[in-house]
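Just so you know, the protein sequences line up as chains A and B, in that order.
In terms of the numbering used here, the first sequence is residues -11 to 102.
In terms of the numbering used here, the second sequence is residues -11 to 102.
Heads up, none of these hints are tricks.
Remember, identical chains collapse to one label, so a pair may be satisfied in a single copy or spanning two.
List of simulated lysine-lysine pairs, DSBU-like, C-alpha gap at most 35 angstroms: (1) K63 / K14; (2) K14 / K33; (3) K14 / K42; (4) K14 / K38; (5) K38 / K65; (6) K14 / K65; (7) K65 / K33; (8) K65 / K42.
Keep in mind that the hints were calculated from the coordinates and are not lab data.
2 protein chains.
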Amino acid sequence: MTEKTTKKRTTEEKRTDENVIYIGRKPPMSYVLAVVTQFNGNGSKEVILKARGKSISTAVDTAEIVRNRFITNAKIKDIIISTESITNEEGRDSNVSSIEISLTTIKKTWDIKQ
Amino acid sequence: MTEKTTKKRTTEEKRTDENVIYIGRKPPMSYVLAVVTQFNGNGSKEVILKARGKSISTAVDTAEIVRNRFITNAKIKDIIISTESITNEEGRDSNVSSIEISLTTIKKTWDIKQ
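So that you can see chain A by itself, here it is in the shape it has in the complex (with noise of 0.2 angstroms):
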C-alpha cells in the first residue's frame, strides 16, 4: 500500500537485475532484441519478462516472437500473473495488474561436438 514508484524506476531496476527485462510502451520489437541480446550476447539461461497494465500484451507478444522467430528452442518456464498497488502522484493507492514471464532454454547436449 504505501509502495512509491517513479517514472524512473524501469531503468534503475533494469541496472540491478540483469535478466529481467521490463516491458513498457514501445512496440515488441524493441524488447524482441533485448531479450536475444541476453540469451545470445550475455549467455542467459532465462530471461524474465516484466509488465504492468496495458503493457501486459506487448509482454505477450515479446515471449511469442522471441520463441517463434528468434530463438527457437526457448520455452516458457513460467507465467505469473499478480496486482501491485501503486501510488500515484496525487497520492492515491491504485492497483495494477502485472505479469511475470520466464523464458528459458532447453540445455544443449554437445555429443555432436566432441
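Please arrange chain B on chain A, whose structure you already have, making use of the hints.
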C-alpha cells in the same frame, strides 16, 4: 495459416463452450460478472478466460479482480500463451498473441455443516 475468423466468432463459441469466457474490449468488470456467475450461478469448478491482442491485459485484470475481490478461494490453475494466425477482411494473414487463463475453485470441505 488458412484459419478464418469472423466477427461472430466470439458469440458462437461462447454458446458451445459454457465455461469459456471470451474477453473483448469491454471494461474488466463486465467479464468479472460473467466469471462470478459461471462459478456461483452455474456451479462451474473451472472457468477459462480467453483473449487476443490488446485484450490480453483485460483478461489478466479480470482474473486478478475475481480472485482478489469476489471468489477468494479461486486459484490460477494454468496460463497458456500462444500465437494465432488470422486472415483479415482484405485476405491478409497476420499473427496475434493469445492467452488462456484457467481459474479453478478449491474443493470445499462441508464438515462444518454436517
